[in-house]
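Novice: Residues per chain, in single letters:
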Amino acid sequence: MDDLLTDFLTETCEALDVLDSEIVELEQRPGDPALLGSIFRVMHTIKGTCGFLGLPRLEAVAHAAEDVLGRVRAGELEVSGEVISHVLAALDRIKELVSALGASGSEPEGSDDDVIAVLRRMADGNATPVAPKEAAEPAKQGTLYERAGSASGIDTACELACNGFLAKSPEAAALAPDMLKLQFALAKGFEVALQQVPGIDIADVMTCLTDNGWNDDDVSLLAGELAEAFRSLGVDQDDVASLTSLLRRGGKPVEAEAVQSVAAPVSRPASEAAKPSAPSTAEKPEAGQAAQTQTLRVNIDVLEDLMTLVSELVLTRNQLLQIMRGQGDTPFATPLQRLNQVTTELQESVMMTRMQPIGNAWGKLPRLVRDLSQELGKKIELVMTGADTELDRQILDSIRDPLTHMVRNSADHGIEAVADRLARGKPEHGTIELSARHEGGHIVVVVADDGRGLPTAKIREKVIANGLATEAQLDGMSEQQIQQFIFRPGFSTAAAVTSVSGRGVGMDVVRNNIEKIGGIIEFQSTEGVGSRFIIKIPLTLAIVSALIVECSGERFALPQNSVVELVRISRNAQKGLENINGRPVYRLRDRLLPLVSLREILGLPEEETDRSSAQTGADGTYVVVSQVGAFVFGIIVDKVFDTEEIVVKPVSRSMRHISCFSGTTILGDGRVIMILDPNGLASAVSAAPHAEAAAQAGRVERGAHGGEAVSMLVFEAKSGGPKAVPLSLVARLEEADLATAEKAGSRTVLQYRGGLMPLIDLDGNAPELSGKHPILVFVDGSRMLGLVVDRVIDIVETALDLQLAGGSRPGILGSAIISGAATDIIDTVHYLRLCDADWFEVETEKPFGAEGERSVLLVEDSAFFRNLLIPMLTIAGYSVTVAEHGEAAMTLCKEGAQFDIIVSDIEMPGLSGFDLVRELRADSRLKEVPIVALSSHANPQDIERGMEAGFTDYVTKLDPKALLGALSRTSASNLAKEVAA
Amino acid sequence: MTSAAQTTARHSASFTEDYVTMTIGGQTFGIPVLNVRDVLGPQAITRVPLAPAEIAGSLNLRGRIVTAINMRRRLDLPADGFAERAMAVVVEHDDEPFSLLVDEVGEVLSLPSAQREPVPATLDPRWRDVSQGIYRLEDKLLLVLSVGNVLGAIGTEATH
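Taken in sequence, the protein lines are chains A and B.
Residues 1 to 981 in the numbering used here are what the first sequence lists, from first letter to last.
Residues 1 to 160 in the numbering used here are what the second sequence lists, from first letter to last.
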């Protein structure tokens, strides 16, 4: 394919993209002359170039479309949906032809009569054919450029003039070969002069001719021919005079002045009075064109090479700086500093060349939305903001498809049909909003619609039908969590497969694409109100900031944007770092952090570090807390170095299957290191990080029903399958040789941390004094209890659903399914009481002694917590009544049931704890009853909110001691009040 | 014999091909000289955890990251401590640079294409797969290595 054709294809493809959205825009603003002019110009250029390159099919289609547009511009044809559709159809045909041309290098065989016939009919249609002269008349109001026929008219005039000149000039034979060039130069010259864009104007062109040895006769012959040509095209006498005046140097600056000086002697029609205002209207497109000529088309490969070279330069610079740091004063210091600075600037500049406005990825969307709204019979408006937000083109390429997919989704099953919208009291037009903005080194793209939102009920059905989750599991999830299922593979909620959606490409692909470039996608939806996708993507992938870590003497880079924090764990005080059957976890503040050892994941040798850390002792290890999506985990490494700007290079194809690495790079000291992929590492922590992330999110946003995510410690003890206990009740895990335990009376005790810890086995007996066993340590102030078990299996985060009440078996609360196995949940309180009968009773003595049994109403939706709390409260001497939700509690109270204390969960389906307490307080009889809030998370704001709502006290769940303390406190103070009264 | 085949035969008889020779575990191998980008002495190689055994690691060749292939491993030969002292022959495969770690790099030989013989069928399959032919030199045999076959299988094997 020759260069000319290649250039044509590139230019045309770009022009077509612009045309698409401009034509759609035209439909909304039919009267905009600038827009119409721009569309007409593009179509004209395509037609002209095709004619020049000998592409008859393209030329014919473009010509027909141009005719229609010309009539629209002349005000003879109204911009209707029909016109737009047919022009778009022509555009599609042109695109087809261009892509075929790009593939084969020549126009494909075939006929475009269908498209052309429709356009012709439209162009000739309602109005009678108008002579050029008549057409020019109403255009009188425009600029001289427009009156001269704009680009097309001027082109034609120049062509005619050149032909006329060749026919008459005696030197025609010699000049003929250059005539085509001259024709273009003339047309361009007129445009430059009339539109005042930078370039060589027509007077310069004429001067050039003289410089090139043209004699005056030829020059004036050409000028005469030009005037004649314009006249023959229907340009009126005044304007022809203005145009010819431009040919002379003095004719500049154009328009107003030229018109005045030259056209003054000629009698002017009154309509020309409007002229002085004309230049101002012409200003806008000029500014745009001036900007265009400042750009240069560069092959993308050149830019890529440039980027690679700059990357190398950055690396070499880093290397030099590293060497410099080791030297004292050298004469190289100053120039090196300069080099450093220049390199940084160069790097930034080159990065800039790769930056493209995100609008480039949106270009096709207005057309898409228009077509969809026609096809689906909906009215949809696409609002785009922040289209000029720039980001790396590599990233741009990878978000193009996901964005298109999301917009298509919104149009197809987000926005409702017009009738539905009106029925719901929404405006007829649905709106899809697309916005982009910078936010702290990231780009945030939002795709939102005001459609029907995501019908959670439908998702539920589908989830169950596809076996992605059971009904019971879904019951334990919040609406938001259930909505996240749309990101699961093979999930589609479209009820019917339409031509638009339901092609089997789902949101999982979108999520994968976004995550592949280190982005995050979130989804929010409110049924009936709309839905919203929020995408967060990095600015660039080529150069990233990375934390350098070391493990077993080998270094790795970890992208900084996934690092949340660093935790140093010294060897001699490994507080918080615990090992559960070889799987490490870390208690970071109030959360349990799953850990991965980089050494284990990468299969690195152990010996070297062990020796070195044994020598240094206090050196310890580091935990790099990382986040992938909503999933937070820790990576154990030996050492952490500083952060470095690294140039990301792809991993060799032969190693691409290793999911732990996302790339490779060269450090400042010249060594090659691998870049770790947090995504890959995360999947090593848990086979399904997203499921876990959902579970984590579930802890914050409580589930709709009872099963909330709890960390359970699963272990084996005695016979009868696995047992489990809430991890938060376990203070520590120890392993002890029971031979070192001692008998004290009927008990077995172990010297532990300067005290004596009673040991007990699962049957409640004193264990035998032999063998090494793991011990679950329960601590309460100075009191301790060690529960001897056989083997710790795992820590599992699970939505707990107690299936069987323990009943007959002491020490068992019930059973639940954990990791697919029926597991007994042990009743901690039972063992605590066994070992120390008065464990829970010391502080409960007062209410007990004062007025017999006190009654407690426990409002708790979770079966697990009910089963945990009821025995505990009973043991502590309360008579417990249970309400499974807020409404039941209200009913009980309304019916006149009397309670001394009410204990209520905060997050419950339906009536929440806050609502409940407000309603209860509103009842005069219940004003004084102490109400204790029970919540799985208690930060100061929560507590304050609770107190405001009317709670007497606020305790966290899973802290039985605190609850009993609170109960005892509140009932005591209440008692005091009663006595005083 | 058809005329086309005759032309080919005549054609190849008049042709010689240049090979960079190298030894791996005592055996002489050759790679067409046009495939070879560079010959390097022992290099600092970064080991890549979890990579297939044949991959010795990555090395920095003037700013390009080159994947080093332990040719002894590739050919099932003993390879303890080999990577540290090996010579490297840099080749390109699928637009990606690879460095083949070999015992020693020798001279460049011009050998007539016509003398190239097919690889004996009895050769170990692991060797046969990577060889394109064999030359009988005066004192030894030279196996022609197919760069594509040496490198092509590495990533795919590991993915199984």
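No lab work stands behind these hints, which were simulated from the structure alone.
Quick caveat: nothing in here was measured; it's all calculated off a predicted structure.
Be aware that a few hints might be false.
Facing chain B, from chain A, some residues (calculated, C-beta under 7 Å) [said to hold, decoys possible]:
hint : residue
1    : Glu312
2    : Pro594
3    : Val596
4    : Arg599
5    : Leu602
6    : Leu604
7    : Pro605
8    : Ser652
9    : Ser654
10   : Ile658
11   : Thr664
12   : Val672
13   : Leu738
Note that CB positions come from ideal geometry on N, CA and C, so glycine has one too.
Novice: Among all the numbered hints in the text so far, which are the ones the structure does not match?
Specialist: Per hint list: 2, 3, 4, 7 and 13 violated.
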